Structures are given as C-alpha cells and as structure tokens.
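Undergrad: Once you know that position 2 of the sequence shown is 3 in the numbering used here, the rest is easy, because the numbers rise by one and skip nothing.
Incorrect hints may have been included.
Below 30 Å or equal to it, Euclidean Cα-Cα: the simulated DSBU-like pairs (lysine-lysine) are [what the hints assert, rightly or not]:
hint: 1; residue 1: K13; residue 2: K43
hint: 2; residue 1: K43; residue 2: K17
hint: 3; residue 1: K51; residue 2: K17
hint: 4; residue 1: K46; residue 2: K13
hint: 5; residue 1: K51; residue 2: K13
Don't read these hints as lab results, they were simulated from the structure. For clarity, every value in this text was computed on a predicted model and none was experimentally measured.
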Amino acid sequence: MDRAAVNEAISKIQYKGILDFPISFLPNGNLATGGIFIIQAKGNKFVQVKGVTL
C-alpha cells in the first residue's frame with residue numbers, strides 16, 4: 002500500500018470520538034477539523050466548557 006492509497010482510505014473515515022466529537026480527515030491525511038477542548042464531567046455526561054477550533 003502506498004502513501005496515496007493510505008490517504009485515500011483515511012479520507013473516507015467518518016468517526017465520532019469517545020466524547021461525541023466528529024473525527025474525519027482530508028484527502029491529504031490531515032484532520033478535517035481540529036481544536037482544543039476543555040471537557041467537564043457532570044453526572045453521567047461530558048459537557049464542553051471551552052473550545053477553540055483550529
């Protein structure tokens with residue numbers, strides 16, 4: 002498998018992470034969205050306190 006094939010396969014990933022944030026990739030392999038988030042556990046849920054998208 003070459004680099005182009007890996008990038009093509011990665012770009013098809015649509016995944017929701019453990020904290021319910023979407024994770025996907027661009028055709029070049031970079032993250033489609035990114036950010037830094039502060040998450041707080043409240044009861045049985047995770048709540049975003051602050052977030053900065055990149």
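Undergrad: If a hint holds in the structure, say so; if it doesn't, say that too.
TA: Hint by hint, here is what the structure shows:
Among the hinted pairs, K13 with K43 is inconsistent with the structure: their alpha-carbon atoms are about 33 Å apart, more than 30 Å. For a cut-off of 30 Å, the pair hint linking K43 to K17 stands: about 20 Å separates their Cα positions. Under the criterion of a C-alpha separation no larger than 30 Å, the hint pairing K51 with K17 is consistent with the structure, at around 19 Å. The straight-line distance between the Cα atoms of K46 and K13 is roughly 29 Å, inside the 30 Å bound, and the hint therefore holds.
With a C-alpha separation of about 29 Å, the suggested pairing of K51 with K13 holds against the 30 Å cut-off.
Comparing the model with each numbered hint stated earlier shows that hint 1 is the single one that does not hold.
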